[in-house]
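2 protein chains.
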Amino acid sequence: MSDTKRVTAAVLVIGNEILSGRTHDSNIPYLGTELNLLGIQMREARVVADTESEIIETVNALRAKYDYVFTTGGIGPTHDDITSACIAKAFGQKLIRNPEAERLLRERMAKMEVEVTEARLKMAETPEFAELVHNPVSGAPGFRVENVYVMAGIPRVMQAMFEGIKDQLEGGVTLESVTVGSYVPEGSIASELGLLQDAYPDMDIGSYPFFFDSKPGTNLVLRGPDTEQLNEAAAKLGDLIRTLGQQPVEGGIEVPKSDS
Amino acid sequence: MSDTKRVTAAVLVIGNEILSGRTHDSNIPYLGTELNLLGIQMREARVVADTESEIIETVNALRAKYDYVFTTGGIGPTHDDITSACIAKAFGQKLIRNPEAERLLRERMAKMEVEVTEARLKMAETPEFAELVHNPVSGAPGFRVENVYVMAGIPRVMQAMFEGIKDQLEGGVTLESVTVGSYVPEGSIASELGLLQDAYPDMDIGSYPFFFDSKPGTNLVLRGPDTEQLNEAAAKLGDLIRTLGQQPVEGGIEVPKSDS
Numbered sequence: 229m230s231d232t233k234r235v236t237a238a239v240l241v242i243g244n245e246i247l248s249g250r251t252h253d254s255n256i257p258y259l260g261t262e263l264n265l266l267g268i269q270m271r272e273a274r275v276v277a278d279t280e281s282e283i284i285e286t287v288n289a290l291r292a293k294y295d296y297v298f299t300t301g302g303i304g305p306t307h308d309d310i311t312s313a314c315i316a317k318a319f320g321q322k323l324i325r326n327p328e329a330e331r332l333l334r335e336r337m338a339k340m341e342v343e344v345t346e347a348r349l350k351m352a353e354t355p356e357f358a359e360l361v362h363n364p365v366s367g368a369p370g371f372r373v374e375n376v377y378v379m380a381g382i383p384r385v386m387q388a389m390f391e392g393i394k395d396q397l398e399g400g401v402t403l404e405s406v407t408v409g410s411y412v413p414e415g416s417i418a419s420e421l422g423l424l425q426d427a428y429p430d431m432d433i434g435s436y437p438f439f440f441d442s443k444p445g446t447n448l449v450l451r452g453p454d455t456e457q458l459n460e461a462a463a464k465l466g467d468l469i470r471t472l473g474q475q476p477v478e479g480g481i482e483v484p485k486s487d488s
Numbered sequence: 229m230s231d232t233k234r235v236t237a238a239v240l241v242i243g244n245e246i247l248s249g250r251t252h253d254s255n256i257p258y259l260g261t262e263l264n265l266l267g268i269q270m271r272e273a274r275v276v277a278d279t280e281s282e283i284i285e286t287v288n289a290l291r292a293k294y295d296y297v298f299t300t301g302g303i304g305p306t307h308d309d310i311t312s313a314c315i316a317k318a319f320g321q322k323l324i325r326n327p328e329a330e331r332l333l334r335e336r337m338a339k340m341e342v343e344v345t346e347a348r349l350k351m352a353e354t355p356e357f358a359e360l361v362h363n364p365v366s367g368a369p370g371f372r373v374e375n376v377y378v379m380a381g382i383p384r385v386m387q388a389m390f391e392g393i394k395d396q397l398e399g400g401v402t403l404e405s406v407t408v409g410s411y412v413p414e415g416s417i418a419s420e421l422g423l424l425q426d427a428y429p430d431m432d433i434g435s436y437p438f439f440f441d442s443k444p445g446t447n448l449v450l451r452g453p454d455t456e457q458l459n460e461a462a463a464k465l466g467d468l469i470r471t472l473g474q475q476p477v478e479g480g481i482e483v484p485k486s487d488s
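Protein chains in written order, with my numbering: chain A, 229 to 488; chain B, 229 to 488.
Since the hints were derived computationally from the structure, they do not count as laboratory data. No false leads were mixed into what you were given.
All copies of an identical chain are treated as equivalent in the list; a pair is satisfied when it fits inside any one copy or across any two copies.
Within a straight-line C-alpha distance of at most 30 Å, the following computed DSSO-like cross-link-like pairs (lysine-lysine) qualify:
(1) K394 / K339
(2) K394 / K443
(3) K443 / K339
(4) K293 / K394
(5) K317 / K293
(6) K322 / K394
(7) K233 / K394
(8) K293 / K233
(9) K464 / K233
(10) K443 / K464
Sequences and hints are given; from them, build the entire structure.
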């Protein structure tokens, strides 16, 4: 794979509980971080309800647009778990009881001494031409169809599934990042920052203002494929911050979530 | 407004930092919860990068589909703050320096004794026919164009802005929710749950499995407009859980985030 190829991904979080505010999603930031380490850039994330038409439409939009799509949620045994059926419809494939998934589930149920119910066997359903994604935590597998990976919603289970598939993902260029923080307010550094961005078009310079300890400040995150260039730009930023009468803080200034 | 009208909303979170995993979004759950209290259901949330075409396309898709759209992020003074310009383009309006916004900003800058810079005045730019959204925390206003509310990304600022606009939002039917938790695994209650859902079509029964303290369990969330019906269904669920040899826990069982 080329050193400069950009590989993209989208995440689709499926579940009413995220939209109602009941559950705080942590799969988006987890996957954003992990994919980035593999040289895959998450370009979009969506959260949709447990509604068939929404899931099908969204999966089809995302899989056409990005190299990879990762879905989380909706693959359990209950009536509101409709992801597998929707993915089958999105790909125009039959939903089948996957023999290998059924074998894994029956093995697990025997080991856990739980009853084999129709509801539990529903978790063995996949689109006809799906490849299973191993679930070392709770047994019921996820699956892949073409460029779409279907995973559990429970973060611990999703993360274990992702660990199992990440070696088969093809990454592109890996982006490094360098963060420089200071108590320079965003508005005092903004125009120089724009010039710096113009000087380094391969780099993405993000500016994250905060109010902390009654003082405004800014964390500046430089992201790009070339470490040497990142360090050079970070040094220039440090000088700029000093000329504005403040001290640059390598790695950024940590502030509470509600303030940044 | 009718008692049974469903009013819908979508949230659009704008910012590379959410997609890279650097920043964990908390605006989606906040708005999901707050809108629900107003009788407005958040039906979808999206996170997109600081990319003009993505923002414009997404705003136009969402504003056509939902009663309200709330955007967060990208309205600061730096080069990567392009939300206002994108909203103007999405509506086919000119981007202007809004006189009232400029007055507010200059007043604030004088009070805070910070320099009036071109970058800071960029925060006074809005689409031509925008109505300002007051920012009591840091001065720079958000704005509304038709059914799209444009707010800051910093949660504390966004929340203060939302407090200021929520009286002007027209809600529909308010959904109440009742949660019943137990150490009954999802697969043991799934089919009865499906029957209960069929018996109460106006209600949305969500099933949220967890593994906690080495035991599998499930929190069941009943949501709907009719409190009496919710309590009736919750009582039936309680009975069901007892026949399965477990105790129902009103309000649900609290489990760590990574396990649910």
